[in-house]
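Visitor: Sequence:
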Amino acid sequence: MPLSPEEPQIHESAQGPRVTPATGRPASTPRPVPGPRTAATPRPGRPVPGPARGPARPAPPVQRTQPSGGNAPAARQENRSAPQVQLIPASTDGALDAAGEAVDLLLDSGRAPGDVLVLTTGEQHPWAAHELSFGEAAYWAHHEARDDVFYADAAVAERAAARPVVVVAVNGGADDVLSRALPVARERAGALLIVCGDPNRVNAVLGAGV
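Here the sequence shown is numbered in the working numbering, starting from 1 and rising by one per residue.
Careful, some of the hints might be misleading.
Quick list of the computed label-pair ranges, beta carbon to beta carbon [as the list claims (entries may be wrong)]:
no.: 1; residue 1: A138; residue 2: A204; range: 34 to 40 Å
no.: 2; residue 1: A161; residue 2: F134; range: 30 to 36 Å
no.: 3; residue 1: A137; residue 2: D175; range: 30 to 36 Å
no.: 4; residue 1: F134; residue 2: G172; range: 20 to 26 Å
no.: 5; residue 1: D104; residue 2: A129; range: 27 to 33 Å
no.: 6; residue 1: G110; residue 2: S81; range: 20 to 26 Å
Calculated directly from the structure, the hints in this document are not laboratory data. Here a beta-carbon is modelled for each residue, glycine too, at the ideal position from N, C-alpha and C.
Using the sequences and the accompanying hints, generate a full structural model.
Guide: Below, the structure is given as structure tokens:
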């Protein structure tokens, strides 16, 4: 059955604490470009990031389990449940703001920045556009470092590694873009998938659900 708009709350039973976003959302305003953060530096908002990068850390291996039995096939299967899906109603113009608020709430509740992947279906997030100005290699090196929230176009979501939380901002793009992006986003989400967009459009694309 189609996703139903819920109260704008981020529920997460698989990992992390519960997060409750504000019920009201101000009119869409440009968000400052976020920058990298470290554990030793408080999160002062989203300053413009610089080109400097620390050493990349390898992504943790995906936990897998092998079927039991003497004749079990060699193929392995992922040992994780499907992520919880949360729909946050938002207009096309307000989807980036809604996604930003969701990310802020996740981080304020204790989520590590490297746990979060944000995908956009329309215009690139300002952070992604800024980082790509340093070149593809530097951009994806930041992704591999896993030390901050990573922002990417939904068109390249398949290249992104799985993270515990994936946030999708439905800020444009045709229905076929959305229909391809949401299943990939769900595959990349280890515990929670948050979709910020028009509920009627999201449900029309998803049909029976993600």
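Visitor: Run every hint past the structure and note whether it holds.
Guide: Hints, verified against the model:
1. Evaluation of the 34 to 40 Å hint for A138 and A204 yields a pass: the beta carbon distance comes to about 38 Å.
2. A161 and F134 have their C-beta atoms about 20 Å apart, which leaves the hinted 30 to 36 Å range violated.
3. A hinted range of 30 to 36 Å holds for the C-beta pair A137 and D175, which are about 33 Å apart.
4. The hint said 20 to 26 Å for the Cβ distance between F134 and G172, and at roughly 24 Å that hint holds.
5. A hinted range of 27 to 33 Å for the beta carbons of D104 and A129 is inconsistent with their spacing of about 20 Å.
6. The hint said 20 to 26 Å for the Cβ distance between G110 and S81, and at roughly 21 Å that hint holds.
The structure fails to meet hints 2 and 5 from the earlier list, while all remaining hints are met.
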